[in-house]
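K.L.:
Please construct the entire structure, taking both the sequences and the accompanying hints into account.
As you go down the protein sequences, you meet chains A and B in turn.
Here the first sequence is numbered in our numbering, starting from 1 and rising by one per residue.
Here the second sequence is numbered in our numbering, starting from 1 and rising by one per residue.
Keep in mind that the hints were calculated from the coordinates and are not lab data.
You may find that some hints are simply not true.
Simulated crosslink set (DSS-like; lysine-lysine; CA at most 27 Å straight-line) [stated by the list, open to error]: (1) A:K80 x A:K92; (2) A:K92 x B:K72; (3) B:K170 x A:K170; (4) B:K92 x A:K92; (5) B:K92 x A:K72; (6) A:K72 x B:K72.
Keep in mind the model is a prediction, meaning the values are calculated, not measured.
There are 2 protein chains.
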Amino acid sequence: MASVLPASNTSMRSDRNTYVGKSFVHVKNPYLDSMDEDVLYHLDLGTKTHNLPEMFGDVKFVCVGGSPNRMKAFALFMHKELRLTDSEEDIKDICAGTDRYCMYKIGPVLSISHGMGIPSISIMLHELIKLLYHARCSDVTIIRIGTSGGIGIAPGSVVITDEAVDSFFKPRFEQVILDNIVTRSTELDKELAEEIFNCSKEISNFPTLIGHTMCTYDFYEGQGRLDGALCSFSREKGLDYLKRAYNAGIRNIEMESTVFAAMCRLCGLKGTDTCIMMELVFLLQESCRDGIETTKETAVLSLKQMA
Amino acid sequence: MASVLPASNTSMRSDRNTYVGKSFVHVKNPYLDSMDEDVLYHLDLGTKTHNLPEMFGDVKFVCVGGSPNRMKAFALFMHKELRLTDSEEDIKDICAGTDRYCMYKIGPVLSISHGMGIPSISIMLHELIKLLYHARCSDVTIIRIGTSGGIGIAPGSVVITDEAVDSFFKPRFEQVILDNIVTRSTELDKELAEEIFNCSKEISNFPTLIGHTMCTYDFYEGQGRLDGALCSFSREKGLDYLKRAYNAGIRNIEMESTVFAAMCRLCGLKGTDTCIMMELVFLLQESCRDGIETTKETAVLSLKQMA
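P.N.:
If you want it as structure tokens, here you go:
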């Protein structure tokens with residue numbers, strides 16, 4: 001894999017990252033520290049307008065998902081779980097000044113929406129990573145909580161991703177930088193995936209597995225669906241593709257995992273420059289009917305064909 | 001350019017498209033008409049749950065943009081302009097059951113949000129095109145009203161796109177279908193662009209031009225910005241890229257135009273299987289501060305360097 005940065009740029013890491021025993025979130029941009037102000041446009045936050053260390057310095061967990069409603073529901077759920085003393089009404093959207101993303105803070109947990117697709121989550125991640133860097137956050141774990149289409153698994157299953165792959169089943173993210181293509185690794189923290197998997201055993205009636213996750217740029221033509229406005233392949237060809245994906249160890253398909261894995265890994269969002277990624281197929285939540293329907297549909301279809 | 005469909009599939013076009021004098025919106029999917037029900041998951045609409053011809057049959061114009069707030073503001077503006085007799089309070093989000101997109105109908109005009117990036121607008125376009133097809137809409141014009149970063153033009157300029165190009169300055173959209181890459185044309189209706197340009201002359205203090213629009217998958221590393229969490233190129237290299245883009249006729253950069261042009265063109269969203277695409281850089285609207293800032297920034301930067 002080509003490195004994202006030339007060797008001469010390795011000095012750009014802030015020395016904040018060398019404090020003993022702590023892993024600080026870092027950027028890989030030599031220009032950032034010399035900027036007079038850093039405006040996080042799409043989060044409606046900035047280094048001159050907000051005291052980011054005070055607002056976010058204690059963040060240890062970041063949970064991200066596509067839907068704003070779902071991430072608000074998750075924030076309210078976390079508030080209950082953490083038994084915080086402040087009122088539920090105090091949980092306000094920190095990014096209310098923009099409608100690009102929403103963000104809630106519940107104690108040490110941030111809950112943020114990212115929209116749909118690689119470009120949308122990528123903008124949010126650039127600004128989130130800068131936010132955590134400016135706030136001097138350390139030892140941060142990030143978890144994506146998304147909906148996805150299952151392949152050969154029971155509807156409603158939870159897939160914990162051990163490897164994010166692209167449409168060609170390769171564990172890579174191809175980032176276009178100006179007019180160059182740079183390939184980035186999408187390697188994930190397998191130990192952490194195992195840890196989370198072990199936790200899931202304590203919850204009954206919640207089928208959970210570890211598998212590869214395929215990330216596509218398109219929901220319809222890219223995922224073998226026959227119900228888009230455009231469909232140029234046969235039913236058989238679509239099923240053959242899904243079968244080949246299954247044989248390559250892929251258990252679900254979504255639209256954000258490769259860039260999520262690549263960016264978090266590059267910026268130290270979990271321990272030794274790794275990050276974790278989980279795809280949780282949400283159940284029984286009105287706000288994600290689309291995902292559930294899709295999951296059911298694809299899973300039932302593929303189960304039938306793969307028996 | 002490779003055709004999206006094999007020759008044998010040309011029969012899949014509905015005969016609805018042959019009515020004399022009318023150009024119907026069509027799908028290119030041989031499976032759709034045989035489906036018992038078509039659920040437009042991300043719009044919270046469906047052929048069994050909604051009477052789509054009754055709800056949408058009179059639609060002639062579709063305006064799309066990234067931000068939900070802005071598309072609501074646009075709907076209210078259109079309501080005023082069209083002097084419709086119904087109350088402003090009657091303008092409700094038709095997709096209120098989902099938070100993926102929002103949609104408003106004002107007489108023959110639909111106003112829809114599409115989020116950020118190619119994958120996000122692509123999901124919406126698949127479902128919008130199916131919606132217009134099911135509703136038997138004809139002679140539909142679609143206009144994207146977006147924010148963008150300008151190259152070598154004055155801040156606040158309006159760019160009407162005559163050609164959408166990718167990061168390599170090519171007028172193409174590479175669609176991954178299963179594990180194949182299909183190249184689609186991003187040709188636009190130049191006559192219509194001229195027509196709109198002529199209209200703009202009637203509005204003073206509103207600098208407008210026709211130019212190529214570059215569409216990228218990434219806001220930071222892909223557009224030569226030096227303020228992302230990751231930046232591996234030098235200031236000089238970034239400026240050189242923008243200069244080369246300017247010399248190739250590109251006047252602005254955004255993140256949706258290539259797939260928008262490709263899909264609309266394929267499905268007859270304007271006259272003879274073509275579509276129009278306009279990038280309007282909104283001005284003086286609170287809800288798009290990010291876009292304005294970006295435009296100002298990039299434009300000023302590039303103007304300085306290109307003088």
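K.L.:
Hints first: check each against the structure and report whether it holds.
P.N.:
Do the hints match the structure? See the list:
A C-alpha spacing of about 15 Å is found between K80 (chain A) and K92 (chain A), which places the hinted pair at or below 27 Å, so the restraint holds. Using a Cα cut-off of 27 Å, the hinted pair K92 (chain A) and K72 (chain B) holds, with the two alpha carbons roughly 22 Å apart. Proposed proximity of K170 (chain B) and K170 (chain A) is supported: the alpha carbons are some 26 Å apart, at most 27 Å. For the proposed pair K92 (chain B) and K92 (chain A), the alpha carbon gap of about 24 Å is at most 27 Å, so the pair holds.
Of the supplied pair hints, the one linking K92 (chain B) and K72 (chain A) holds, its CA atoms being roughly 22 Å apart against a limit of 27 Å. Only pairs whose Cα atoms come within 27 Å are accepted, and K72 (chain A) paired with K72 (chain B) is accepted, the gap being roughly 22 Å.
Hint compliance for this structure: every hint is met.
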